[in-house]
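A.B. asks: Below are the chains, spelled out letter by letter.
There are 2 protein chains.
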Amino acid sequence: MPDVRFLPSGASVRVDPGTRIHEAAIQAALRDLELPCGGDGTCGQCLVELPEEGNRSVLACQTPVLRDLIVRVPETHDSALRVVGDSHFLVNEELLPDRGSLSPIFRAVRLKVPPASIEEHYSDWARLMRELGGDLAVSAPLAVLRDLAAALREQDGKITALVEERGASRRVVQVRAGYVSSRALGLAIDIGTTTVAAQLVDLDNGRVLASRASYNLQIRRGADIITRIDYARTKDRLAELRQMVLETINGLIAEMAGEAAAGATDIRAAYIAGNTTMVHLLLGLPPRHIRESPYVPTVNPVPTLSGAESGLTIHPEAVVEISAGVGSYVGGDITAGLLCTAISSNREDLFLFLDIGTNGEIVVGNAEWTVGCACSAGPAFEGSGIRCGMRASDGAIEQVDIGPGGATVRYKVIGDTKPAGICGSGLICLAGELLRRGVVDRSGRFLGEPGQGRIVQCDTRRAFVVEYGDRAASGEDLVITEADLENLIRTKAAIYAACSLILQNVGLDWSAISRVYIAGGFGRFIRITDAVLIGMLPDLPRQLFSYLGNSALTGAYIALLSRDHRRTLADVASRMTYLDLSSDPRYMDNYVKALFLPHTDLGLFPSVETMLKNERRV
Amino acid sequence: MPDVRFLPSGASVRVDPGTRIHEAAIQAALRDLELPCGGDGTCGQCLVELPEEGNRSVLACQTPVLRDLIVRVPETHDSALRVVGDSHFLVNEELLPDRGSLSPIFRAVRLKVPPASIEEHYSDWARLMRELGGDLAVSAPLAVLRDLAAALREQDGKITALVEERGASRRVVQVRAGYVSSRALGLAIDIGTTTVAAQLVDLDNGRVLASRASYNLQIRRGADIITRIDYARTKDRLAELRQMVLETINGLIAEMAGEAAAGATDIRAAYIAGNTTMVHLLLGLPPRHIRESPYVPTVNPVPTLSGAESGLTIHPEAVVEISAGVGSYVGGDITAGLLCTAISSNREDLFLFLDIGTNGEIVVGNAEWTVGCACSAGPAFEGSGIRCGMRASDGAIEQVDIGPGGATVRYKVIGDTKPAGICGSGLICLAGELLRRGVVDRSGRFLGEPGQGRIVQCDTRRAFVVEYGDRAASGEDLVITEADLENLIRTKAAIYAACSLILQNVGLDWSAISRVYIAGGFGRFIRITDAVLIGMLPDLPRQLFSYLGNSALTGAYIALLSRDHRRTLADVASRMTYLDLSSDPRYMDNYVKALFLPHTDLGLFPSVETMLKNERRV
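These protein sequence lines map, in sequence, to chains V and R.
Residues 105 to 722 (our numbering) make up the first sequence, in order.
Residues 105 to 722 (our numbering) make up the second sequence, in order.
One should not assume that every hint holds.
Pairs count within a copy or across copies, as identical chains cannot be separated in the list.
In silico DSBU-like pairs for lysine-lysine, Cα to Cα no more than 35 Å straight-line [as the list claims (entries may be wrong)]:
no.	residue 1	residue 2
1	K262	K516
2	K216	K717
3	K717	K697
4	K697	K339
5	K516	K339
6	K216	K522
7	K216	K339
8	K717	K262
9	K339	K717
10	K516	K216
11	K697	K216
Keep in mind that the hints were calculated from the coordinates and are not lab data.
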């Protein structure tokens, strides 16, 4: 069997002849190779070099190993995780449950059970239940009942009970005499298609002991949901995807537990938010029906699971709750995210909630009602389909300022390195600046000819040079092409058209909105003025916009700690009206109208000139 | 170590010198030796013979083994179990839940889950839950969810789901495509202090596949509740008592499973009724607080348990429900028994419910309210404290007719053998006849002198010869003494006084009662006319009296099969008013007044002469 050795790690593995390099990398437990297209050979993201052949570059997903081989894997952007991580832990403190009145999924309850009397001859168990209060049925394993009488009489009725909440009922899993300290930890987890983020929480006081984020190892089998659903056709592959996400999460758990000096069995509860496909893959549920008409999940809501069932390295009898979704395309990540909105404070003010990634999920509503939809935004914001696009990791241009006339360009690079590409927020900023400086027209076409200023010819289209090759990481010009702008316009049009359709459906207009929430790691970096200028977000007073950061993770954290919020989430999930864009002809109409910068209907947006006048520059 | 060999079985065992014979019998797994007094040496029920010493009789509980020994154990009344058994399965068919609409604790549900549509895009799981209906939360293990999508699509949505109900929630433990047969059995169990009875039930249709009864092996450690509570002082002894009742029940299960050709894992549910102490011993819960002020159980109601926790040889994940009691002295056997009354049919007619054994439990009420109490009836009806008393087993006189003047006596013996003693129902019948024929006066004293007719001197008291020694099994006269009659009067007075006190408390008199239910194996044999004549039961029209047989077992059977009845039982248990007789001075007053035949207050009972005139002889 040929031996494959990977550089720079030095890891090596023996594989059957014909095995593709990518597969060998997985067998060698390399975490660095991504396969956004799922191995179709179309995305080029898995390029590796073969030093023995003069550093020839090949696609790892397409190249079979026929003999002993040395493979150099491009260095990963480890610091990207830090950046993603930061954005994943942006939490609005106001939204968090009051730490003085927590009702976590699992907790150590210290209480005094009064003795029985001739008049009040309730059993020990009945008196304990009464002190626990609440409206949920309570059970206990026999082992707890056996020691109950003694525990209740040892220290004047003072006890510490470990109580877990499983869906609609509670269970007392331990009773000890006296007020004793008992470590009870919980996990809030957001499983994104790209990134997994988690927090380790002290359930006694809600304190976050550690936070971690990491790329979802499933990326090896495809960057987007559709690719992964297709990959999961067989039982083996489904199991493989499940193991990959478990490996990802369990890696985070191990790191966090290490930081908090905790053992796996200290972790007694987990609340998981994720889109419907991610939840299915985590649980090993066949996801195919999500993308086959009539597009239904196998399971939603997900019944409460045990730690052992879940596959997480936590207490085997831990309570694992999974955020309920609305359907196949508005998942539990969105409903969890909504806990970060006015819904939690039970207000009637109307809000717009946007979670924009490869898919955009949009919700309009208030504490009384919600309408949601999902639109295919395309991967432009993730860096795909954009000539110099990249994720928001080290080397990515995330903010741009263009001088008058488009002659000079200043930009901000993540990690303060040489620029390597442009990420989603940089793209929006760049498009806004090009429009602001009159470099492009309302249809996204450059007004100048190649050779004028920074305009160049790039293949068959014109492009704008953001940075010249001598200052760029790759040595080649960093450009934005007309094709890139068309791509961006389609993306922003899809989002705006979806928002408009929801409002049309409920018979309201933009003026009814009193709050716009922008969720998702991506959203952290958007410059609102530019997003409005290009017509992606509505032209509303800037103070109405709020960034939520990783609202799915924050929502999971809130739900982990608060019974009221768990119920709110379940309630929102079961009551939200889902709007299927593909079955509403008005959507295409809205979309076509939005394929301009900012829009064909200048009644919706003032002219670019007016907007520029009104705009207070950042 | 000395060797002890038991005859007639031939079983032998080596024991430490000084071990008592009774202990050796337990170690040799002999089931025949009872120890009603718990080993105090006072009851004489554990007499054994030593053939090597000229068949000298010794008390097994008091006699140490000092050298090799041969011990002859008296033959047991095996057929007694049959008799007890018969009475345990007297079921009023009218009270049983409608077999067409069963809602058992565990069942195979066959249903058709409609496909999803674009309009109704509920998940597979959500659609299954909708078809299951009902108001209970539903959960499922992950393994079920994994196969759900395929099962729902294999046969047009037709599936067979195994659904269990655990307290206030349900769990789907298996889903298979198509309408398939799936054996699901359940157990109804009544754990009495003396006798354990059980039924094996097909949960698909409510059919009873097998029934068994057996003495509770705990009898080895004491005949009554108090003795057993005292014995259970240490963890080891508590565990021993638990093992004894488990051995009893599991023996019945094995026999019934054999009869029904079923395996242990076919048994997926059990509903257990028992008094509070029996429940504590079954679960290994320390029972001491039941008899220490303020007399509270450790656990009541008992949370739902698993088969594995329960120790029963049934499916380890079976659902085990235990009938909720009212308190220490009105247990789950009584609340289960009440399911056999008008409470189940939701009627407002007032009833009196009596379950008479060593303890008498009495309930007055209707579907709206209930008041219950427990009185210490003493062991007279079980045969203890009565010179020729015995349990209702082979050889026991259960019915008596005395000729005019007390000259001739006819009687009926259980098992049609020579008479060996008088059981509880025989005693009541005998007392009634003695009164009827003018042999005793209203205070229970014989009117004749020794030597007149069947009156003889017996120690210091007079006695009546029921059968002369030459026709009796023991060769000695079978008599009833004045001391026996005093004992019986105290017992019946305790019962009548308790009934009266409940009525006084609710401000009603006997005329308000429209039904008298007599429960318990004992009650099967009572002749109502005699029980009224001696003033144990009220003088109400005979057609108002109903025998319920083993109402605890029937109640357990009903609860096993019907959710409505499970809720009724829990409701009755939590709402019943418990009357503590010892704290009400009127009880002693009532009791003293009832220490006559029938009563001091002849306004309550007509004179014996009037009753005799009204009486239609049986």
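A.B. asks: Indicate, hint by hint, whether the structure satisfies it.
C.D. replies: Here is how each hint holds up against the structure:
1. Within a single copy, K262 and K516 get their C-alpha atoms no closer than 59 Å, and across copies no closer than 60 Å, so neither meets the 35 Å cut-off.
2. With identical chains, the CA atoms of K216 and K717 are never at most 35 Å apart, being 67 Å at best within one copy and 64 Å at best between copies.
3. In the homo-oligomer, the alpha carbons of K717 and K697 lie at most 35 Å apart inside one protomer (24 Å), although the nearest pairing across protomers, at 105 Å, exceeds that limit.
4. For the homomeric pair K697 and K339, neither the shortest alpha-carbon distance inside one copy (44 Å) nor that between copies (80 Å) is at most 35 Å.
5. Taking CA atoms no more than 35 Å apart as the test, K516 paired with K339 passes in neither setting, with 46 Å inside one copy and 73 Å between copies.
6. When the C-alpha separation of K216 and K522 is checked against a cutoff of 35 Å, the pair qualifies neither within a copy, at 63 Å, nor between copies, at 62 Å.
7. Within a single copy, K216 and K339 get their C-alpha atoms only as close as 51 Å, which misses the 35 Å cut-off; across copies the closest is 26 Å, which meets it.
8. In this assembly of identical chains, the alpha carbons of K717 and K262 never lie at most 35 Å apart, being 68 Å within a copy and 66 Å across copies at closest.
9. Proximity of K339 to K717 under the C-alpha cut-off of 35 Å is found in neither arrangement, the shortest distances being 59 Å within a copy and 85 Å between copies.
10. Taking CA atoms no more than 35 Å apart as the test, K516 paired with K216 passes in neither setting, with 59 Å inside one copy and 60 Å between copies.
11. For a Cα distance limit of 35 Å, the shortest separation of K697 from K216 qualifies neither inside one copy, at 66 Å, nor across copies, at 46 Å.
Checked against the numbered hints above, the structure breaks hints 1, 2, 4, 5, 6, 8, 9, 10, 11 and satisfies the rest.
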